[in-house]
Amino acid sequence: MTEVKGIAFLRNYTTIPVPKVLNAYERKTVDISSWNLSKEQSIILSQLKDYIRQMRQIRPPTGTRIGSVTGSPAIDRRSLSAVKGGPFMLEADFNKWQLEQLNPGTPLLNRHIYTSMYKTNHRIVYSHCDLAFHNIIIRDGRIVAIIDWEDSGWYPEHWDYCKTLSFLSGTDEHYLCCKEIFERQYHDEFFMDAWFTWEVKHDGF
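Following the numbering used here, the numbering of the sequence shown begins with 998 at its first residue and continues without gaps.
Treat the hints as calculated values from the structure; they're not laboratory data.
Predicted model only: the values in this text are computed from it and were never measured.
Careful: at least some of the hints might be erroneous.
With a straight-line cut-off of 27 Å between C-alpha atoms, the simulated DSSO-like cross-links for lysine-lysine are [to be verified]: (1) K1198 / K1081; (2) K1116 / K1046; (3) K1046 / K1036; (4) K1046 / K1002; (5) K1081 / K1002; (6) K1093 / K1116; (7) K1093 / K1081; (8) K1116 / K1198; (9) K1176 / K1116; (10) K1046 / K1176; (11) K1093 / K1198; (12) K1116 / K1081; (13) K1036 / K1176.
Each pair of labels, with its calculated beta carbon distance range [claimed, not checked]: (14) L1087 / S1039: 33 to 41 Å; (15) K1116 / G1068: 22 to 30 Å; (16) R1008 / E1097: 34 to 42 Å; (17) S1035 / G1102: 46 to 54 Å; (18) N1009 / E1097: 30 to 38 Å; (19) K1046 / N1009: 15 to 23 Å; (20) N1009 / S1113: 37 to 45 Å; (21) H1131 / S1078: 13 to 21 Å.
For glycine and all other residues, C-beta sits at the position ideal for the given N, C-alpha and C.
Based on the sequences and whatever the hints tell you, model everything.
Structure below.
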């Protein structure tokens, strides 16, 4: 139900191409490992940038909490699994929930570093939360659909950036693609989140 409501919400407020519920689409994975910003690739990145901008321009309804568009809990999905919590009225509460996911054996120094690096002044914006390139369908050189809105909802503005960048393989080409589609870069937040992933209970290595 979350994905269905998320798709309906986006149809009302944006021009983002989302699947019609119950319709079938051929899924094509986008391989950007050899992208060199050709004309076709530039068009795709330009589309993505516009869609992200549209999502961030949606005004949160009064009383919106950090979490699903349906008002259900927030989801933190990392490579191995996911946890749910909230929803949260304040970003400080969202951050506290994140810290509660740390492994019991996490050194106190690390806990204090994470606590000091968390910010509480981010805008809350509509976010896909799994905006990886495998969820983008391309046809004839253009985006025809963005899929997998199951985790979408209202999150701090850096959330989509961190999640998208974490799904990439770490090459310079992939980073440059991410840099192109997000108008603001959240390097501090991503650096902390990348290290944080190694120490949380649901995704520690």
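(message) For each hint given before, does the structure comply? Return the numbers of the non-compliant ones in rising order.
(response) none
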